[in-house]
Amino acid sequence: MIALDDVSKRYPNGTFALRDVDLRIDSGDFIFLVGASGAGKSTLIRLLIREELATTGRVVVDGEDVGRMPRSRVHRLRRKVGVVFQDFKLLPRKTVAENVAFALIVTGHEGRLVREETERALSLVGLTARRDHFPSQLSGGEQQRTAIARALVNRPRILIADEPTGNLDPVTSWEIIKLLTRINDLGTTLVMATHNAEIVNALRRRVVHLDHGMVVRDEREGLYAA
Amino acid sequence: MIALDDVSKRYPNGTFALRDVDLRIDSGDFIFLVGASGAGKSTLIRLLIREELATTGRVVVDGEDVGRMPRSRVHRLRRKVGVVFQDFKLLPRKTVAENVAFALIVTGHEGRLVREETERALSLVGLTARRDHFPSQLSGGEQQRTAIARALVNRPRILIADEPTGNLDPVTSWEIIKLLTRINDLGTTLVMATHNAEIVNALRRRVVHLDHGMVVRDEREGLYAA
Amino acid sequence: MRRVAYVLSAAGQGFWRNPVMSLASTFTVTLMLLLFAFFLTTDRGLQAAVGVLESKVEIALFIDDNAKVSEVLALKARIEADPAVSRVDYVTKEQALKRLQDIADRRKDFVLANIDGNPLPASLEVKLSDARQAKRFGDELRAEVGGGVIADVIDNPQVVDQLLTITRVLSVGGVAILAMMLFVALFVIVNTIRIAVHARRDEIEIMQLVGASDAFVRWPFILEGMLVGTLGAVVALSIVFAAAGPVTGAMLDFLVTLPISLGPEFAFQLAASVLGVALLVGAGGATLSVRAHLAK
Amino acid sequence: MRRVAYVLSAAGQGFWRNPVMSLASTFTVTLMLLLFAFFLTTDRGLQAAVGVLESKVEIALFIDDNAKVSEVLALKARIEADPAVSRVDYVTKEQALKRLQDIADRRKDFVLANIDGNPLPASLEVKLSDARQAKRFGDELRAEVGGGVIADVIDNPQVVDQLLTITRVLSVGGVAILAMMLFVALFVIVNTIRIAVHARRDEIEIMQLVGASDAFVRWPFILEGMLVGTLGAVVALSIVFAAAGPVTGAMLDFLVTLPISLGPEFAFQLAASVLGVALLVGAGGATLSVRAHLAK
Ligand SMILES: Nc1ncnc2c1ncn2[C@@H]1O[C@H](COP(=O)(O)OP(=O)(O)OP(=O)(O)O)[C@@H](O)[C@H]1O
Ligand SMILES: Nc1ncnc2c1ncn2[C@@H]1O[C@H](COP(=O)(O)OP(=O)(O)OP(=O)(O)O)[C@@H](O)[C@H]1O
Ligand SMILES: [Mg+2]
Ligand SMILES: [Mg+2]
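Chains as they are written, first to last, in my numbering: chain A, 253 to 478; chain B, 253 to 478; chain C, 61 to 356; chain D, 61 to 356.
Next comes chain A alone, as it looks inside the complex (with noise of 0.2 Å):
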């Protein structure tokens, strides 16, 4: 499903956020991405989604080489993967149901069809009662969940959660982390980077830890720390 193979990332100004990243996600895994502020997690996503592009080596998404992509088929890729942005990048001018309706409506989905999977999404997450408020006028967790909405509003094949619970109290977040744990019970493809060592440690999934930009641990039934 996804591989990197010997990849790098060194960005313009000179910082290394990876180095030498081999690694293999299958089909219907569950992966938790750890390490320290800095080791290059959310470096790794963006390179996944073609939000950036790897120095060297190679990075392969459902049998694409990401790298290698033309950049018209690069929408196709981000529609086949549904990503919970560390900063959220809600759109400013647009509702919470807006937010998330439109990674449908960029799918070509419309109507009728729009509105229910929008609502299904927002009362998941809890935020039926926000479905007309504005990112500006959202709590911080509110709008964390807004952002995880709408990565899974079009039941993506990929979900990619980039420290979903960082503005979430313990109840949401268990409930949260229910949620992907059932869609990724699902078939769907799961990857999370996190800081939260106890949700970690509870469910015992694969565990990869960087540290540095490079993987020093790829444990299956991991815990947090080694």
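Careful, some of the hints might be misleading.
[Stated by the list, open to error] These stretches of chain D come out as covered by chain B in the derived footprint (C-beta under 8 Å, 3 or more residues):
| no. | region |
| --- | --- |
| 1 | 251–257 |
| 2 | 270–284 |
[As the list claims (entries may be wrong)] Have a look at the derived ranges for each label pair, beta carbon to beta carbon:
| no. | chain 1 | residue 1 | chain 2 | residue 2 | range |
| --- | --- | --- | --- | --- | --- |
| 3 | C | L83 | D | I299 | 30 to 38 Å |
| 4 | A | L305 | C | L68 | 33 to 41 Å |
| 5 | B | G363 | D | V307 | 48 to 56 Å |
Hints listed in this document are in silico derivations from the structure and should not be mistaken for laboratory results.
The structure presented is a predicted model; accordingly, all values stated were derived computationally and were not measured.
Glycine included, every Cβ here is placed at the ideal spot set by N, Cα and C.
Given the structure of chain A, go ahead and fit chains B, C and D with the ligands onto it with the hints provided.
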């Protein structure tokens, strides 16, 4: 130091974020503000620095009625209060060092002092190596630490941190918490909104629990959950 | 269908949910279009004025007293066939004398002594439609002086030369200004829309990250640009047509000797060009600026 | 001192770290200032042309044959004292006859019969510096006709009327266009800077939240606006002065009958007004737009 008398906050779109909040925080206190996502924690913080005005009730900070203060004095209030915003609020076109130095420059400080204090704050949060990055070139945790460095660089009498560890790994989180505790020990009043149960339970400080905008619990040496 | 509805509503949202930016852009567009309309109108007015003035250019041919009527008529026909000529009048000896007497009566500096017979020649007075041809035309006929028909050729005096200089400057200058104004107006509009779009580059980036194709991102912005352009054009044209009546009145009072007025046909052309420019530039400006952000 | 250094560097940062916006604004400002300079120059040129044309307006006073020389000289002195008069020439009876003969020689339609003595009167030819006073002046003198000195007053003929109409339209129109251009240019510049500042309202808000006073937030933006204005002015003036030589040459070729040229004094005035407008509008636009955001 800080007093809220019967404060309610209703946003223009009708959302009630705070209801009849009474709260007194003494000089040198360390208080945790907890509660579910959307409970009103950030709103309470916004009232303290007059980012928003209370709908009813009185907010007093350092002896001044924040709501009645003339606009021309607001910036003085804000200089006394260092805030780590939940969404960081970094200036996008200034580097890390410039963002931190900014809080000193606005108070009229100049030259060598600014440089020295800025470097001190950056090394406290472990960002010396990133001093010349722009916010868009930082990881989530690095942005958060920049916000923390800016809030404490001018040694404010009151330090307010809104979810300051949401994007930090446990190790870094603990370093930041130790730093904040030390600052509090030196006499700074500290208000911290957080979802990090582990930290709240470990420190056993005063806990104020908000639920749907109401204070439902206020305990000395409290725990995250009742 | 739904797709179209989405694009339209997204364009409207982009406009109305960012009112400061949209209204400032619209206002700028309005002003530039007003300027454009103003110069289009002035240019038309100038061309009309130049026409009026140039039609006054005249050349007089004095006819030899011994010329035959058939020769004179042939000459007249020949002159009338020249494309630069708008009108030819035959002035008889008697009419010429009458005129001279009229002039003498009006001006004290000419005194006519008793005249025996009629010393004045008959003449052909030629009005030119294209004043720039006056020299060529005069020179051609002057070559025939002494040939038995034309006794002399008299061009209009130097005052008309000055008039012509001015009108020529005005008309060339008018076209130059019009071109310059058009360029400036287009550029300012494109720039304004570019700034407005640039301010929303984060939005564009987010749309792309969520899987929107380039076309999907582009169309609402293009339509929004066209909306800005259309609104600007409507406001500008409303101002122009509201002001047209009073201004024309004032101009006619002022320009008694140069009565120029532009008809409803011109009003239609004006409205069409202003709207066309507005749409084109709104859409073009938005396309250009969105493309700049998409390419990255 | 350091404070000033901070404000300057912050303004520079604001400009250079947002190049698309800054350069688009600068370019818009440049274009509007070019337009402004263009109209300032045209207006000056028109005024000069109007001056040249108006100086040709003439009034002739015919002197009674019985008037005494002392009376004529007194009349001449009186006329010369009128502020609307630029020049008075005395034309004797002999000079007048000579002129008439010259005219008659050149124009075949006037034939002078044998003249006994000299029937022509002497005259004073008055050139007016202010053509708009012609009517008043003529009427005043006409009231004296028959008083023993002035035999008659003759105004210039209708061609000059037309010239005057045109020049008057041009000069009034020039001022109107100048005013309109000034307004449009100012407004577009203010709008452009407003959009650019609006795009950075989040930055302004953050600065305030961190404890910056209004003045502290405002000054870098104002200086940045002035920087945009100054750059725009420098570019616009460079273009104007680079184009001045060739354009003046072309104009002189074209305008042989109306030789107008604007001296170095005007160049200085132009540079000063363009720069002044640019600074004022840059600073003013930024102040206005920042204030709008601060007030909230
Ligand atoms: N656009 C950029 N330009 C330059 N350096 C960058 C850029 N983005 C990230 N970096 C650097 O690359 C490193 C890895 O960043 P990344 O965002 O991948 O970290 P992360 O593991 O997600 O950290 P966090 O847990 O704090 O979010 C960091 O040191 C960061 O400073
Ligand atoms: N500007 C606003 N306009 C309208 N409603 C708002 C606005 N800001 C916040 N709210 C609403 O007020 C409530 C309280 O928001 P607040 O940001 O104070 O929550 P919080 O306790 O900080 O939550 P979190 O832990 O998710 O950050 C939320 O329900 C939110 O939707
Ligand atoms: Mg990250
Ligand atoms: Mg909050």
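Here is what the structure says about each hint:
{"no.": "1", "hint": "251–257", "in the structure": "violated (count 0)"}
{"no.": "2", "hint": "270–284", "in the structure": "holds (count 6)"}
{"no.": "3", "hint": "C:L83 with D:I299: 30 to 38 Å", "in the structure": "holds (31 Å)"}
{"no.": "4", "hint": "A:L305 with C:L68: 33 to 41 Å", "in the structure": "holds (35 Å)"}
{"no.": "5", "hint": "B:G363 with D:V307: 48 to 56 Å", "in the structure": "holds (52 Å)"}
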